[in-house]
Structures are given as structure tokens and as C-alpha cells.
Amino acid sequence: MGVSQSTARRYELQDPDVRLMLEVRDGSAAAFDELMTRYQSRLVTVLDHLTGRRELAEDLAQEVFLRVYRARSRYVPGAKFSTWLFTIANNVASNALRTLARRPEVQVAPRDPNVSGSHSLDHLALAASGLMPTRQLDKAELQEVVEQAMAKLNPRQRMAVLLSKFEEMSYNDIAETMEMSPQAIKSLLARARDNLREALEPYLKSS
Amino acid sequence: MDNPDNDELIAYLDGELDPPTTQKVEERLKNDPAYRQALALHERSWDMLDRLQRSTVGENFTRSTLEMVSLVAAGEQQALPAARRVDWRRFGMLSLVAVTALVLGYGGGRAIWPDPNRKLLDDLPILEDLDLYEQADSIDFLRKLADTGMFGDEAGQVKATPGLVVPEAPADRRTEIARMTSGEKEHLARKLQRFDAYSSDEQQRLRRIFDSLSRDSDGKQLGEVLIRYHEWLETLISSVREDLNDLEEDERIAGIRQLKHEQAQRRDQELKEAPTEQDLAAIIDWFEDFAWQNHQPLLATLSDKRRHYLEDLEEEPRRRASLWIWMAQHGGPGHLRLGQVHLTETDFGHLAEHLSPGARARLDAAEELPEKRKLIFQWAQTAIRHRFETGKLRRMLPAVGASELQRFARDELSSAQRDVLAQMTREKKLRELQWLYFLPEDRLTAMKPEDIAAGGPGHGGGGPPHRPPGKPQRQPK
Numbered sequence: 001m002g003v004s005q006s007t008a009r010r011y012e013l014q015d016p017d018v019r020l021m022l023e024v025r026d027g028s029a030a031a032f033d034e035l036m037t038r039y040q041s042r043l044v045t046v047l048d049h050l051t052g053r054r055e056l057a058e059d060l061a062q063e064v065f066l067r068v069y070r071a072r073s074r075y076v077p078g079a080k081f082s083t084w085l086f087t088i089a090n091n092v093a094s095n096a097l098r099t100l101a102r103r104p105e106v107q108v109a110p111r112d113p114n115v116s117g118s119h120s121l122d123h124l125a126l127a128a129s130g131l132m133p134t135r136q137l138d139k140a141e142l143q144e145v146v147e148q149a150m151a152k153l154n155p156r157q158r159m160a161v162l163l164s165k166f167e168e169m170s171y172n173d174i175a176e177t178m179e180m181s182p183q184a185i186k187s188l189l190a191r192a193r194d195n196l197r198e199a200l201e202p203y204l205k206s207s
Numbered sequence: 001m002d003n004p005d006n007d008e009l010i011a012y013l014d015g016e017l018d019p020p021t022t023q024k025v026e027e028r029l030k031n032d033p034a035y036r037q038a039l040a041l042h043e044r045s046w047d048m049l050d051r052l053q054r055s056t057v058g059e060n061f062t063r064s065t066l067e068m069v070s071l072v073a074a075g076e077q078q079a080l081p082a083a084r085r086v087d088w089r090r091f092g093m094l095s096l097v098a099v100t101a102l103v104l105g106y107g108g109g110r111a112i113w114p115d116p117n118r119k120l121l122d123d124l125p126i127l128e129d130l131d132l133y134e135q136a137d138s139i140d141f142l143r144k145l146a147d148t149g150m151f152g153d154e155a156g157q158v159k160a161t162p163g164l165v166v167p168e169a170p171a172d173r174r175t176e177i178a179r180m181t182s183g184e185k186e187h188l189a190r191k192l193q194r195f196d197a198y199s200s201d202e203q204q205r206l207r208r209i210f211d212s213l214s215r216d217s218d219g220k221q222l223g224e225v226l227i228r229y230h231e232w233l234e235t236l237i238s239s240v241r242e243d244l245n246d247l248e249e250d251e252r253i254a255g256i257r258q259l260k261h262e263q264a265q266r267r268d269q270e271l272k273e274a275p276t277e278q279d280l281a282a283i284i285d286w287f288e289d290f291a292w293q294n295h296q297p298l299l300a301t302l303s304d305k306r307r308h309y310l311e312d313l314e315e316e317p318r319r320r321a322s323l324w325i326w327m328a329q330h331g332g333p334g335h336l337r338l339g340q341v342h343l344t345e346t347d348f349g350h351l352a353e354h355l356s357p358g359a360r361a362r363l364d365a366a367e368e369l370p371e372k373r374k375l376i377f378q379w380a381q382t383a384i385r386h387r388f389e390t391g392k393l394r395r396m397l398p399a400v401g402a403s404e405l406q407r408f409a410r411d412e413l414s415s416a417q418r419d420v421l422a423q424m425t426r427e428k429k430l431r432e433l434q435w436l437y438f439l440p441e442d443r444l445t446a447m448k449p450e451d452i453a454a455g456g457p458g459h460g461g462g463g464p465p466h467r468p469p470g471k472p473q474r475q476p477k
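Protein chains in written order, with the numbering used here: chain A, 1 to 207; chain B, 1 to 477.
It should be emphasised that the hints constitute simulated quantities derived from the structure, not laboratory data.
Not one of these hints is a red herring.
List of simulated lysine-lysine pairs, DSSO-like, C-alpha gap at most 30 angstroms:
hint, chain 1, residue 1, chain 2, residue 2
1, B, Lys-429, B, Lys-220
2, B, Lys-374, A, Lys-165
3, B, Lys-220, B, Lys-428
4, A, Lys-80, B, Lys-428
5, B, Lys-428, B, Lys-191
6, A, Lys-165, A, Lys-152
7, B, Lys-374, B, Lys-30
8, B, Lys-191, A, Lys-165
9, A, Lys-139, B, Lys-448
10, A, Lys-165, B, Lys-448
11, B, Lys-429, B, Lys-305
12, A, Lys-139, B, Lys-429
13, A, Lys-165, B, Lys-260
14, B, Lys-30, A, Lys-165
15, B, Lys-191, A, Lys-80
16, B, Lys-260, B, Lys-428
17, B, Lys-144, B, Lys-260
18, B, Lys-191, B, Lys-144
19, A, Lys-165, A, Lys-80
20, B, Lys-374, A, Lys-139
21, B, Lys-260, A, Lys-80
22, B, Lys-429, B, Lys-191
23, A, Lys-165, B, Lys-24
Selected chain A positions facing chain B (in silico; Cβ < 7 angstroms):
hint, residue
24, Ser-41
25, Gln-143
26, Val-146
Heads up, the beta-carbon is just placed ideally off N, CA and C, and yes, glycines get one too.
One chain only, chain A, in its complex shape (with noise of 0.2 angstroms):
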């Protein structure tokens, strides 16, 4: 679908990263660069939370900005650049997290405990009942107790979260991003929420 001058020209005047992108599409190696250096680490965090694996998270975020070069000349801003390079974020993730999901020999997402070293979820949730010494979890278990409640969570609900938590989109650029509803994007948002407060309800009173 085509975009409006209006439209178009209503994004380059309220939004700064869509003049920047304006000026890549014209020629700017400097606007670029600042484009990069104002995104590429909350890419690489919204990557990292969703696929479990940081080198893989640079990896996809290096092909954004990729595709971000590639398409400069034909930009025209139908929405904030920060919607639109996490809607090319979303199809890249999706793409590379469907890629992996059929080697049945990789896991997706769930960060390997045997890696970190520290507990299960289960053993986690012992401590926190009480039935094991009281003591407050500290700042790396409590950590690694989010990201194990943000794995169980599909890839569809993870990307919303990340959107909402790290990005503070609204419902509607969230929807714009991930291709779906505002009304869908409500309903998934609710779903994510509820597994997530029912996966660290026991640890509520812990952190």
C-alpha cells in the first residue's frame, strides 16, 4: 500500500530518526552511522531476549541494518523509523527462529542452564516457598528466574513483551510491527502477561 505525502510528511516532521533515514536515502554515510549508534544495542536486546543466543542476536541485528541499507532508496516514511526497523526486526527473527525450530537438535530460545550454571526453575521455586532456608534470591537468580519465565512464553508473545517492556510501544505500533490487529495484539499481550505473573507469582515476594 502506498503512503500519502501527507502522512509521509507528517513522520519526517515529528520524528528525527525518520529525517535521519531520509538523509541515508540520500546519500548520508553520517546519518547512517547515527542510526546505528542510536539502535543497535536495543535491537541486539530485544534479539538477544527473544532467541535465547547473543551471537545470534548480532548476527540478525547486523541483518537488519542490512536490509535497513538496502532499501534506502525506495524509504518513504509511513510510520515512526523505529516501528519500521522493528517490523524488518520481527520478519528477520521470525525467519531465522523458524529456520532453527527444524533442527530438532537446537534449542530455541531457553537459555541452557548447564551454561549459566545456576538453578532450574523448580529449584528456584523451592527456595522461594520457604521450604529451604529463607534467604532473598539475589540479583542473578532473580534474573535468570525472568528469563526462564519469558522462554516458556511462544516467540509470538516474547516479541510482543520485548516491544511493550524495552521499546514502550503502544498497542498500535506494536501491531503495526508484528503485522496483526491492535485488538490482536491486546489479546496476546494479556495472554503473555497472565503466564508470566503466573510463572513468577511464587518469586513476587522473594525479589
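Fit chain B to the given chain A structure using the hints.
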């Protein structure tokens, strides 16, 4: 809970409901304790996601990405007729590197444009606080904001406080830049690029704001208003901030008033289930007394220079310093954790003397010591959060002068730690420095840069920012 109810509750927390549905949810929250409990659990489990680490990427990532882009660019050029090709080997390698070289090789670097060093020197104060100045539409807007009294003390007064020092003389500014770590210089280079990306009108606007704040008789007070406004903006989620920035000045001020009113309402609601404001103040005072009793051993954990600086302060700021050193040892910024502190019935008895009858009854109703500790901990967290939202947390900090903070950063932090701080907004950097200042020597040395970037250990729980339920009603344009 039924799914439609759950969907609605989550959307309410996210500020995504229309006004009639928001009102319906709020009515139900007033009358349905189970619904309120569900909201609290969702809110708290959402806050736990703050534990997820935010990644930072290294120079290798940036370099390799730019190299890949260069290859793509080179490939595109090969496909063009020879006459249309440009030397794309420069792309991605010269742009950032060139500007960085400008700053890194300061005093001997390659000139990219006429008299670049002069430009950097002249605009250095604006670049240092670029995030701040970008929030101020105009001096008139700041004056209107100051007149509302929303960003003053309880009486609506704004006392001028000095910010981070930016030297006046060009020679001193040169020295300041020369002393920066390479990470700080690189961050300054990026700010310079960002500033240069603005139109000349926009650059002039930012310079005018800086000039007015520096020279007008009310400039210092307006500067403080700007700082507090910017800090308060951080308590909002980005979509709400963006909506606010979309509004014209007068509408924006009305929007700010509305949001602050909603935050105050939420705090009042919390206080109905918690002690009074006076109780919360008494709890903070009690913790301060507890820390003050141990202030000598607490001070001994700091470096000699920091200890001597704090020992020269008046008693009142020294008392507050003890509290912050104790928080640093046992929790995180704004995060009072009782940890290994052994509180006895006698300690709780001393606290109870200063509480309202209602709070005292609630404390007495907790039969076992662990329950009492938990209740006190929750109340202390509420107190800290309220203070953050009302801008009072900063005023709880003992006054460590800007020069001393800069000395501390230069002499006692590692290059890696300073590089992380350099990437923060001015206020966040100041807050982090003030927090790091009270860390014991061994913890300061062990503090990883990624922990500083993530807000340091112990962040989260009672710390800011807190998402207020509901978005401001968009004013019709």
C-alpha cells in the same frame, strides 16, 4: 480471571483503554479487592522484567556491520556504469572515524570543515546537555512552566542549584576534552554529529536557550526547572512523553498538570493501603538514625578523599551520607534492603513511637519479626518511590558538589566505567555518580560497566521509573 477482564486489566495498566472503559475499570478497582490484587500482581510481575539485562554492543559489532555495509555499497557500485561510481570505500569507514578522529585527535586531528575545533569549543556546553536542551521549546515555555510551581519545592519555589561544571574559558574547555577517555570523546563526537544533523535554525534555537539560561537573571532558576522537568519526563513511558511533546505549549502544560494529578492520585490510593505520608517520613528518618549510629565504620569503607570530603560537611548532610552509604552496602539506589541487618523488637519499638496509631497497629499485628521486617521494607520502598516521583529523592542526597563528583569520576572510576556514564543523559549520569560516590571501595572497584549501564545492582523493586496507569487524555488540537 475471565479473559475479557484480564485483557481489559492489562490494557488499563498499559494506558491503552478509552476513557469510558478506563473509568469502568477504576470503579471496579475501588470496590473489588480481588481485582485490585490481580492488578498489583500483574504490575509487580511486569516490574520484574526490569531484571532482564539490556545489551550494549562493542566497537567490533559497529565496525563489522559498517564493513558489511561497505561491501554491499561496493557491490552496488560495481553494477553501475563507471561514470556514476563513487569511492564507496570511504563509506562507513571515514564518516564515524572522521568525526571521532576530530575529537580523539584533538589538537592534532584532521580538519573536516573550517575551524572545527572552534565549533566544538563554542558549543561544548550545549553538547554536554544536548538531551536537556532538546526538551525546552523556548525560554518562554520554561518561564510558563516555572510559573505553574509544578517543578519547585512544596511552596512552589525553585532554588537555583549549580549543575555539572562546564568551564568558560576555551583553554579550560580544551583541557576538559583532552582529559576525557576515548569512550567519552566518542560519545561527544556522536553528540556533535547529532547536533550538526539539525537545521541551522534548530541549532540557533538551542544556542539561544543556552544563552538565556546562562545570562538572564532568572536563568539559573529556569535551568533547575528544566532539569526537574526532564527528570519527571523519565517517570513517563515513551508513548506518553511523545504525546505530550506533540502538544502546543499551553496544551502541554495542561497535559503535564493532568499527568501529575494522576500520579498524585495513584500515590494517594497507595497511601490508603499504606501508612500516612508522615509515617513514611518517620520510617526514612528511622533508617537514617540507624545508619548514623554506625556512621564511622560506614565512612571507613570509602576512599580517603571521599571520607575527608564527607567528614568536612555539616552534621545534617553527613547523616544523609551515612544513610546512602548504608543503602549502597545493603541494597541499591533508592532500594532499602534489610539484608543482614539484625533488627530487634527494641528497634521496632523505637520506630513505633513515631508512627500514627493506624501504622502502629499494623506493625503490632505482625507477630513475627520477619513479618515486621517485610512490612517496614515495603513501606520504605513506597517512601522512596514517592520521593522519586515528586522530585524529592534527589533532595535526600547529601550535597556532594559538582567539582567533587567530577574529581571522583576522574580519579576513582576506571575508563570503562566512565565510558558507560558518558553515554547517559546528564541527569542520569549525575544520579549514577551520586550513587557510585557512596559505594565502598571494594564494591566500586568491582562494579562492572554493564551493571552501571543497567542501573546498577539493586535497581528495580522500589526504584524509579514507575508507569502510571492510564495515559493523559489527548487534548483536541
